[in-house]
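Turn these sequences into a full structure, and let the hints steer you where they fit.
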Amino acid sequence: MCCPNYNSARALAQFLTERGLRMHKKWGQNFLLDPVLRTQLVKILAPERGERVWEIGAGIGAMTALLVQNSDFLTVFEIDRGFVQTLRKLFDAHIRVIEGDVLQQWHAAAAQEQPACVLGNLPYNIAARFIGNTIESGYIFKRMVVTVQKEIGLRMTALPAQKWYSYFSVLCQWQYEVRVIRNVAPVCFWPRPHVVSQALVLTKRNAVPSCVDPALFLHVTKTLFSARRKTVRNNLLTWQKRMPGGAAVCVEELCARAGIDARARAEQLSIYDFITLSDTLRALL
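Those letters in the sequence shown? Residues 85 to 369, by my numbering.
Some hints could be false.
In silico BS3-like pairs for lysine-lysine, Cα to Cα no more than 30 Å straight-line [claimed, not checked]:
{"no.": "1", "residue 1": "288", "residue 2": "173"}
{"no.": "2", "residue 1": "288", "residue 2": "234"}
{"no.": "3", "residue 1": "247", "residue 2": "110"}
{"no.": "4", "residue 1": "109", "residue 2": "127"}
{"no.": "5", "residue 1": "306", "residue 2": "288"}
{"no.": "6", "residue 1": "247", "residue 2": "234"}
{"no.": "7", "residue 1": "247", "residue 2": "314"}
{"no.": "8", "residue 1": "325", "residue 2": "306"}
{"no.": "9", "residue 1": "109", "residue 2": "173"}
{"no.": "10", "residue 1": "234", "residue 2": "325"}
{"no.": "11", "residue 1": "247", "residue 2": "173"}
If you anchor each label on the Cβ, the simulated ranges turn out as follows [to be verified]:
{"no.": "12", "residue 1": "120", "residue 2": "195", "range": "34 to 44 Å"}
{"no.": "13", "residue 1": "348", "residue 2": "132", "range": "42 to 52 Å"}
{"no.": "14", "residue 1": "293", "residue 2": "341", "range": "30 to 40 Å"}
{"no.": "15", "residue 1": "95", "residue 2": "123", "range": "14 to 24 Å"}
{"no.": "16", "residue 1": "261", "residue 2": "187", "range": "21 to 31 Å"}
{"no.": "17", "residue 1": "318", "residue 2": "98", "range": "57 to 67 Å"}
{"no.": "18", "residue 1": "187", "residue 2": "292", "range": "22 to 32 Å"}
{"no.": "19", "residue 1": "348", "residue 2": "104", "range": "55 to 65 Å"}
{"no.": "20", "residue 1": "318", "residue 2": "367", "range": "16 to 26 Å"}
{"no.": "21", "residue 1": "183", "residue 2": "290", "range": "28 to 38 Å"}
{"no.": "22", "residue 1": "109", "residue 2": "366", "range": "40 to 50 Å"}
{"no.": "23", "residue 1": "289", "residue 2": "98", "range": "19 to 29 Å"}
{"no.": "24", "residue 1": "102", "residue 2": "195", "range": "32 to 42 Å"}
Hints were generated in silico from the structure; no laboratory data involved. Backbone N, C-alpha and C fix where the C-beta goes; we use that ideal spot for every residue, glycine too.
Structure below.
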């Protein structure tokens, strides 16, 4: 089997029809038609010799065709059984295909393969969960190049006091340097999505902001963002009622020791503020 013309929506539609395949909206399937952007994304990913690369949502191989030329070891995740069969026919022994939901399978695969780089056009319904789950689980890739809905990208890059700043912003920027590559218009895809997308590169930090208890840091950060309009003080008081040993902590003393204004909101705090707050809390517990 030969690869289709990945630059042509008509050619892709014909390729699918001839093989009894179709696109499934529930899986957020949109093929990237722009050959310049496809090449740019693989170039930015820049896997080194001997590194394992993951591709999330390989479809029928538009990015895969480039990755097999630029990586020694390639594993692709694809949930569509028809596309899985197509990938195996097109690329045969050059790739390992994992069929199914990447959210359910990435952890076991990572333990087996220790991948260095990830590339993916991530559907809206899994983008934040996949990136967030890997970070929260302590698995940090050397580099990730992802295309996501623009709103997800804005959350990943947002800074304190900006509209899109959130727990997800802190999570991503804690472990990665996050940079926007470019916005991607709907016309660059087939079928055309109804939203603008954004391509980003996440590069593992050489020096990660350290904290005494990473799990507590993430818990405190998530707690403070759980009710965005509440102050730090009020969110901590709510947390205090649920946290074992929390009753022994004076919220006002905690904020004072950490140098945090108890009247501030989570959206005003930096990563370092959250770390200082969690480290101070750990010392008081």
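These are the hints, each one checked on the structure:
As the CA atoms of residue 288 and residue 173 are separated by approximately 34 Å, the hinted pair breaks the 30 Å bound. Our distance criterion of 30 Å between C-alpha atoms is met by residue 288 and residue 234, whose separation comes to about 21 Å. For the given pair, residue 247 sits about 29 Å from residue 110 by alpha-carbon distance, which is consistent with the 30 Å threshold. Our distance criterion of 30 Å between C-alpha atoms is met by residue 109 and residue 127, whose separation comes to about 29 Å.
Proximity of residue 306 to residue 288 is assessed by CA-CA distance (about 22 Å); at most 30 Å being required, the pair is judged to hold. Only pairs whose Cα atoms come within 30 Å are accepted, and residue 247 paired with residue 234 is accepted, the gap being roughly 14 Å. Simply put, residue 247 and residue 314 have alpha-carbon atoms about 16 Å apart, close enough for the 30 Å limit, and the pair holds. In summary, the hint linking residue 325 to residue 306 is supported, as the alpha carbons are separated by about 16 Å, within the 30 Å threshold.
For the hint pairing residue 109 with residue 173, the CA-to-CA distance comes to about 24 Å; that is within 30 Å, so the pair holds. A threshold of 30 Å between alpha carbons decides the hint, and for residue 234 with residue 325 the separation of about 37 Å lies outside it, so the pair is violated. Our distance criterion of 30 Å between C-alpha atoms is broken by residue 247 and residue 173, whose separation comes to about 46 Å. Judged by the Cβ atoms, the range 34 to 44 Å given for residue 120 and residue 195 holds: they are separated by roughly 36 Å.
Between residue 348 and residue 132 the beta carbons are some 43 Å apart, a value that agrees with the proposed interval 42 to 52 Å. In this structure, residue 293 and residue 341 break the distance hint of 30 to 40 Å, their C-beta atoms being roughly 19 Å apart. For residue 95 paired with residue 123, a C-beta distance near 18 Å keeps the hint of 14 to 24 Å intact. Taking 21 to 31 Å as the suggested C-beta distance range, the pair residue 261 and residue 187 conforms, at roughly 25 Å.
Residue 318 and residue 98 have their C-beta atoms about 59 Å apart, which keeps the hinted 57 to 67 Å range intact. Hint check: residue 187 to residue 292, Cβ distance near 24 Å, so the stated range 22 to 32 Å holds. Between residue 348 and residue 104 the Cβ separation comes to about 58 Å, which falls inside the hinted range of 55 to 65 Å. One distance hint, 16 to 26 Å for the beta-carbon pair residue 318 and residue 367, holds here, with the actual separation near 22 Å.
For the hinted restraint 28 to 38 Å between residue 183 and residue 290, the CB-CB distance of approximately 36 Å keeps it satisfied. Checking the proposed 40 to 50 Å range against residue 109 and residue 366 shows it holds: the Cβ atoms sit about 46 Å from each other. Checked against the hint of 19 to 29 Å, the pair residue 289 and residue 98 fails, with Cβ atoms roughly 45 Å apart. Checked against the hint of 32 to 42 Å, the C-beta distance between residue 102 and residue 195 comes to roughly 39 Å, which is consistent with it.
Figure legend: structure checked against the earlier numbered hints; hints not met, in rising order: 1, 10, 11, 14 and 23.
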